[in-house]
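Protein chains in written order, with the numbering used here: chain D, 12 to 352; chain L, 174 to 464; chain B, 883 to 1174.
Take the hints with a grain of salt, since some may be wrong.
As the list claims (entries may be wrong) - Here are the computed lysine-lysine pairs in the DSS-like style, where the Cα-Cα straight-line distance is at most 25 angstroms:
1. L:K234 / L:K283
2. B:K1045 / B:K1057
3. B:K1001 / B:K1097
4. D:K178 / D:K254
5. D:K24 / L:K234
6. L:K329 / D:K24
7. B:K915 / B:K1161
8. D:K137 / B:K967
9. B:K1001 / D:K137
10. B:K1097 / B:K1057
11. L:K283 / L:K335
12. L:K446 / D:K137
13. D:K254 / B:K1097
14. B:K1097 / D:K137
15. B:K1138 / D:K160
16. B:K915 / B:K1097
17. L:K446 / L:K435
18. D:K160 / D:K254
19. D:K137 / B:K1057
20. D:K254 / B:K1138
21. B:K915 / B:K1045
22. B:K1161 / L:K276
23. D:K47 / D:K178
Read the hints as simulated data drawn from the structure, not as lab findings.
Nothing here was measured: the structure is a model prediction, and the numbers come from that model.
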Amino acid sequence: MKKKTKKTSNFSKNLITVIMVALLYAVVAVALYTGKASRQLSNMLIPISAYIVMAVSLNLVVGLLGELSLGHAGFMSVGLFGGCLLSIALADVLPVAVRLPLAMLAGGLVAAVFGLVVGLPALRLKGDYLAIVTLACGEIIKNVITNLKFTGGALGLDTSPVYSNAKTLLPFAIVLVFLTMIVMMNLKNSKYGRAIMAIRDNRIAAESTGINVTYFKLAVFIIAAFFAGAAGTLYGHFFANVKAASFDYNMSIEILVIVVLGGMGSVRGSIIAAIILQALPEVLREFADYRMLIYSVLLIVIMLLNSSPKFAEMKGNWSIGSVVKLAKNKKKSKEAAENEQ
Amino acid sequence: MSNNKPPRAPKIPDSPLVPYPSGAFVPERDVKSIPVLETHHLGIDFGGLTAVDDFSLTVGKTEIAGLIGPNGAGKTTVFNLLTNVYQPTRGSIMINGFSSAGKTTAQVNKLGIARTFQNIRLFSNMSVLDNVRVGMHNTTHENLLASITHGFGYRKAERTSKEQAMELLDFFSLTELADAQAGSLPYGAQRRLEIVRALATSPRILLLDEPAAGMNPSETHELMENIRRIRDTFHIAIMLIEHDMNLVMGICEGICVLNYGKIIAKGTPDDIKSNPTVIEAYLGKKGAKGQ
Amino acid sequence: MTHFVQTLISGLSLGSIYALIALGYTMVYGIAKMLNFAHGDVIMVGAYAAIVAGSMLGMPPIVAILISVVVCTILGMLIERLAYKPLRQATPLAVLITAIGVSYLLQNVALLIFGSGQKAFPTLFEIPTITLGEVVIDGITLITLVVTAIIMVGLTLFINKTKMGKAMRAVSEDKEAAGLMGISTNRTITLTFAIGSALAAVASIFYGATYIYVKPTTGAMPGIKAFTAAVFGGIGSIPGAMLGGILLGVIEQFSKAYISTLWADAIVFAVLVIVLVVKPTGLLGKQVNEKV
């Protein structure tokens, strides 16, 4: 007779995640600001934070709504260019502390508009078709931005006027990551989140219980795009030159791998997976060539495992947490067997 | 040909499913109230095929009505029409006096009509409790801001929805399974949960699509009791599609028989039982003669 | 005028290649009800197989082509057995993600084996160019058009007149019922993948012969565009795939010639989005209603 209700355990799970992330950033910040951080570490911080935000926001679409969006990098791209252009325009007018949040907000809003634009055709479609439309939109965005003059054309946007180092950008990265995390975790445990998950599980039943599917599908795309755009702006400030071509289908897939690896719908999983998948190539330079190969194998293996009956006991969802549980169970049964001897 | 304009002012029904006063065992029968569901010459064509035609029906406020007919008669199609899953080609539907023309399924649900499905459609990855809370979506006062921030009335709304959902589950003895995953429930419990979820949307009329499918006689008996309990406690109407004649004859006060998309008979269980057209529809001409 | 005809012919040629690839997509989607994202990369494999056989091992052209077809066919069937069959009961999302994984796997294996530089496709046929007035038609273009037309006719006959074709149509309508009627769904689906992959191999031969240079990522873009074409024509419809492929090739070449090469890709994708929004079933597709 479990007295503990599901909601309490959700809350404590989320609390652990928040504390974990806070600790990680605290350690990293101390290392960075006391000058003890290695070059490698300070180079990784901002991109990893951006990827965390991208993964958590994509998880809203893929894990919570259950739709595959293959154009998420496009939202990041739009936000990046929108926000950085504003930032460049205001470079001499406002100090960084005001300019950057403003630019990130602007980037997020621009991306949110595109989220609406991409979401609209996606409304009438589901599954494969929706995935392809998002892919097409991502490619259209990439193509258009590369061809426009004011975004720098094929040579990319010169962001050197607003280029900042990790020390300046870290506080903003932390704020963005926490914001994204908390919004996502709160949504999961709310009326909105339940409506979204209901649409995922059975769209027709959701409609017949009075849920306006159109509204929620759009809301999900817009919210996810907003965070991707803000992350894009942050990311753009870390480089002196950004090209739209880097934010293509391949990057969208990278983020998807993170989401799948971390477990659909799991915020903590996305964070851990993002850190691992972005930090690993830096740490294991020799494996850089094999990185995408390993990713693709991972994708296939995880999907096959998800559908195999053995993993069905773990609610059929792979996540880093379930591997830990599996290891714990094995240890427990081994101990039990040893005790019996 | 058909009069597509529904009557504006609520009027006393003169051709309800069961003539008022019917001598039926319904405790409160307000003859002066508008019927909860009224359709006028409802019809739908799919390409060249007319699936339902000239479907006119009235269901009283607290009536238990039955929709029966041989397989393929169009019964589920009627349910889909009533909930605007299909937009009718002709005819009109009035729910509590309000026309449902041009509305989405979600809007029609807000008008007061809820349904269950022939092949159970639960939110299988969500808990039993959450399935019910989704049903209470439109009565829970929690906007996007509250959902995201967990403030602005979030706590009160969540607590209220949880309490009310547990009450509903209790009504159907499902409280023990509240935290279980809906997809893992035994079949009978899944069917009960679907009914609970539909009830959670505070409908004025509940449409049940083959609720007794796959049930043994004792489960069917329990279902009959539950349906009566729903009507008596919540004072709503219920319309069910069923093939189990014991169930239909046992609890329905008015029955409508469909064949090839058209109504072939309407009346009380006794009327229907002895109606030769109905017998012929089910058993064929020889069967009718044998009667 | 010459320019117009020239563009039209190159459009038809490109369109034929797209049509061959699109046929594979549409058949698999119609029968196995899944989007084989890896289909485009099978083309890349076919091209590399021809390169290895033709250029590196010095085999005669016919043998190289045959090897390419055989390799692709086996690869297609292997992918189906290993990656897609276990997921027959899984959600479409899971299947799609797996397909993406397979696509990436193929690309990266090729990257590791052949490197990221481009390799030249061996000259398999020496066909003279034909000149009609001021219009110059490349020999290979003509062959592409002719062979594709023959294949399309052959495929339509196969689907409509043979027992296996009937089995495929049955499985595409209702898998379970077909199984109950004694049709081996497994064998039918495997055959579908085999045929689709074989067609992809043919497409890769023509692609290689026309565009010469092959990279590991060569298959991805034509694959996506061919999928666009299949959807454009109506997914699940074989004439639709042919029509969609040809139309899309023509649209792309005209965009490149008369608007700008830069915007050609965006235009092609925009066509996809518009078609899916306005008529999700495509030009020749049929409306499939979800049973409620």
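Here is how each hint holds up against the structure:
1. Proposed proximity of K234 (chain L) and K283 (chain L) is supported: the alpha carbons are some 17 angstroms apart, at most 25 angstroms.
2. With a C-alpha separation of about 16 angstroms, the suggested pairing of K1045 (chain B) with K1057 (chain B) holds against the 25 angstroms cut-off.
3. For the hint linking K1001 (chain B) to K1097 (chain B), the alpha-carbon distance of about 7 angstroms falls within 25 angstroms, and the restraint holds.
4. With a C-alpha separation of about 24 angstroms, the suggested pairing of K178 (chain D) with K254 (chain D) holds against the 25 angstroms cut-off.
5. In summary, the hint linking K24 (chain D) to K234 (chain L) is not supported, as the alpha carbons are separated by about 47 angstroms, beyond the 25 angstroms threshold.
6. With a C-alpha separation of about 22 angstroms, the suggested pair K329 (chain L) and K24 (chain D) falls inside the 25 angstroms cut-off, and the hint holds.
7. Straight-line distance between C-alpha atoms of K915 (chain B) and K1161 (chain B) comes to about 19 angstroms, which keeps the hinted pair within the 25 angstroms bound.
8. For the hint pairing K137 (chain D) with K967 (chain B), the CA-to-CA distance comes to about 22 angstroms; that is within 25 angstroms, so the pair holds.
9. Straight-line distance between C-alpha atoms of K1001 (chain B) and K137 (chain D) comes to about 39 angstroms, which puts the hinted pair past the 25 angstroms bound.
10. Among the hinted pairs, K1097 (chain B) with K1057 (chain B) is inconsistent with the structure: their alpha-carbon atoms are about 38 angstroms apart, more than 25 angstroms.
11. Taking the CA atoms of K283 (chain L) and K335 (chain L), the gap is about 20 angstroms. The hint holds against a cut of 25 angstroms.
12. Between K446 (chain L) and K137 (chain D) the alpha-carbon distance is near 46 angstroms, which puts this suggested pair outside the 25 angstroms criterion.
13. For the hint pairing K254 (chain D) with K1097 (chain B), the CA-to-CA distance comes to about 22 angstroms; that is within 25 angstroms, so the pair holds.
14. Between K1097 (chain B) and K137 (chain D) the CA atoms are separated by roughly 32 angstroms; this puts the pair beyond 25 angstroms, and the hint is violated.
15. Pair hint K1138 (chain B) plus K160 (chain D) holds up; C-alpha atoms about 20 angstroms apart against a cutoff of 25 angstroms.
16. Taken as a hint, the K915 (chain B) and K1097 (chain B) pair is broken in the structure, with Cα atoms around 30 angstroms apart against an allowance of 25 angstroms.
17. Our distance criterion of 25 angstroms between C-alpha atoms is met by K446 (chain L) and K435 (chain L), whose separation comes to about 18 angstroms.
18. With a CA separation close to 12 angstroms, the supplied pair K160 (chain D) and K254 (chain D) stays within the 25 angstroms bound.
19. With a C-alpha separation of about 21 angstroms, the suggested pairing of K137 (chain D) with K1057 (chain B) holds against the 25 angstroms cut-off.
20. For the hint linking K254 (chain D) to K1138 (chain B), the alpha-carbon distance of about 23 angstroms falls within 25 angstroms, and the restraint holds.
21. Restraint check: the Cα-Cα separation between K915 (chain B) and K1045 (chain B) comes to about 21 angstroms, which is no more than 25 angstroms; the hinted pair holds.
22. A threshold of 25 angstroms between alpha carbons decides the hint, and for K1161 (chain B) with K276 (chain L) the separation of about 22 angstroms falls inside it, so the pair holds.
23. Between K47 (chain D) and K178 (chain D) the alpha-carbon distance is near 12 angstroms, which keeps this suggested pair within the 25 angstroms criterion.
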